[in-house]
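Colleague: Now for the letters of each chain:
Number of protein chains: 2
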Amino acid sequence: MAEPPNAAALIIGDEILSGRTKDKNIGFIADTLSDIGIDLAEVRIVGDNEAAIVEAVQALSQAYDFVLTSGGIGPTHDDITADCVAKAFGVPIGVNPEAAEMLLSFWKGRGIEPNESRMRMARTPEGATLIPNSVSMAPGFRIANVFVMAGVPTILQAMMDEVVKMLPAARPVLSETIETHRAEGDVAAPARAVQEAHPKVRIGSYPYHDGERFTTRLVLRSRDADALAVARAAMDQALKSA
Amino acid sequence: MAEPPNAAALIIGDEILSGRTKDKNIGFIADTLSDIGIDLAEVRIVGDNEAAIVEAVQALSQAYDFVLTSGGIGPTHDDITADCVAKAFGVPIGVNPEAAEMLLSFWKGRGIEPNESRMRMARTPEGATLIPNSVSMAPGFRIANVFVMAGVPTILQAMMDEVVKMLPAARPVLSETIETHRAEGDVAAPARAVQEAHPKVRIGSYPYHDGERFTTRLVLRSRDADALAVARAAMDQALKSA
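Residue numbers (the working numbering), protein chains in the order written: chain W, 1 to 242; chain H, 1 to 242.
One or more hints might be untrue.
Simulated pairs of lysine to aspartate or glutamate, EDC-like, Cα-Cα distance not exceeding 20 Å [what the hints assert, rightly or not]:
| no. | chain 1 | residue 1 | chain 2 | residue 2 |
| --- | --- | --- | --- | --- |
| 1 | H | Lys24 | W | Asp210 |
| 2 | H | Lys22 | W | Glu50 |
| 3 | W | Lys22 | H | Asp35 |
| 4 | W | Lys24 | H | Asp210 |
| 5 | H | Lys22 | W | Asp226 |
| 6 | W | Lys22 | H | Asp31 |
Stretch-level coverage of chain H by chain W, calculated; a stretch enters the list once three of its residues show a Cβ under 8 Å from a Cβ in chain W [unchecked claim]:
| no. | segment |
| --- | --- |
| 7 | 40-50 |
| 8 | 228-240 |
Cβ-Cβ distance ranges computed for the label pairs, FRET-style [said to hold, decoys possible]:
| no. | chain 1 | residue 1 | chain 2 | residue 2 | range |
| --- | --- | --- | --- | --- | --- |
| 9 | W | Glu3 | H | Pro199 | 46 to 56 Å |
| 10 | W | Ala233 | H | Ile36 | 47 to 57 Å |
| 11 | H | Glu196 | W | Lys200 | 40 to 50 Å |
| 12 | H | Ala169 | W | Val95 | 40 to 50 Å |
Read the hints as simulated data drawn from the structure, not as lab findings.
Glycine is no exception: its CB is placed at the ideal position from the N, C-alpha and C atoms.
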């Protein structure tokens, strides 16, 4: 079985780092990639800062199969993502005729004035293909292995529907969840033993407070259904004897 | 005025990247650092993977004044943060006598068995100082400019109360929020003009859907109260004339 594809997400925006806006996109991107079997391997959040964005785009696009970005593609002075992505790939940026036509026609129907600020949303790096936006029309774009999306969650979610069609479908990760009803310190030894005996399955241990006390959820994950079933049985047995 | 201190957060855990757990720590860390005037400049999320954690700790601790990590310090096989931080700084890891005493005494009072897995939570890199945990006792630790905390939100929040005491207090960032009740494309030109005329103030533009239509919130931020007041007045004026 070939290695499954992996991806990174890059969340762009001062408002997330200042705490003013609580991110809602990471969880959505993570869920969507999990559904189609792509491993989200890393997430970075950076501010509206050219050097930080360019560096992150370059580092992540070299390290991972795909990069998904959110934020910074609107009409205002702090929307610099498209320029930064162009710079990261060393290509010019300009008005994309297809994007301009989509926007002008959409605005015309709504009596919205196509001023210079709004036309910034039609700019893409040279060689980019558009990612449609069914919510407010201003498109995202793909260049090389980088998919550039809006930061507003409803728009990002609409764009992700389109991005999914552009990504390969991989064998999804299957999971088994065990509610142990025991403290993490009591399940640690059996979990470790089963993990060591079943390397094709990844066992995560997640302590949480159930309102009364700390208890532990064990999650077994694998792309191999048979390996997962065998490890699950072994884990159940190990917990019984522990 | 000296440059204010900055920081990065490193969130560690497969469960965040898989989408199974939705992160609650980034927003809390961001809010807390904002309150004490430290700029959160970058966030990274990586999985329970030694190479990824070591690389991120090294990169972030070199690039920023402070690094705050969450996750991976429990008793199970997937809790590898302490080992990775020791490796990142090239120091040995071992049982911290102070941590061991705290834990043994806490467990004794509760009839909890101090097994080998649980004793892993007393291990810290050499030279680390402890971060108390008022929720479940197992401490975090600080080494150099890196503060290592638990991933469970209630515990992280208790540890952050202690970390705040160990960080310098800087001049807080003040902010003014303007609800423009207008589309982002209509406020972009005045916002850009005011930003260019007031470089000591950082102006962010945040479009959102108010249930009926997209509208825009402008946020002006500065550590300089006078500069902020002047920019706010200029922004009000510019919006009136636009």
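Colleague: Hint by hint, work out which the structure violates, then give me just those numbers in ascending order.
Modeller: 2, 5, 8 and 11
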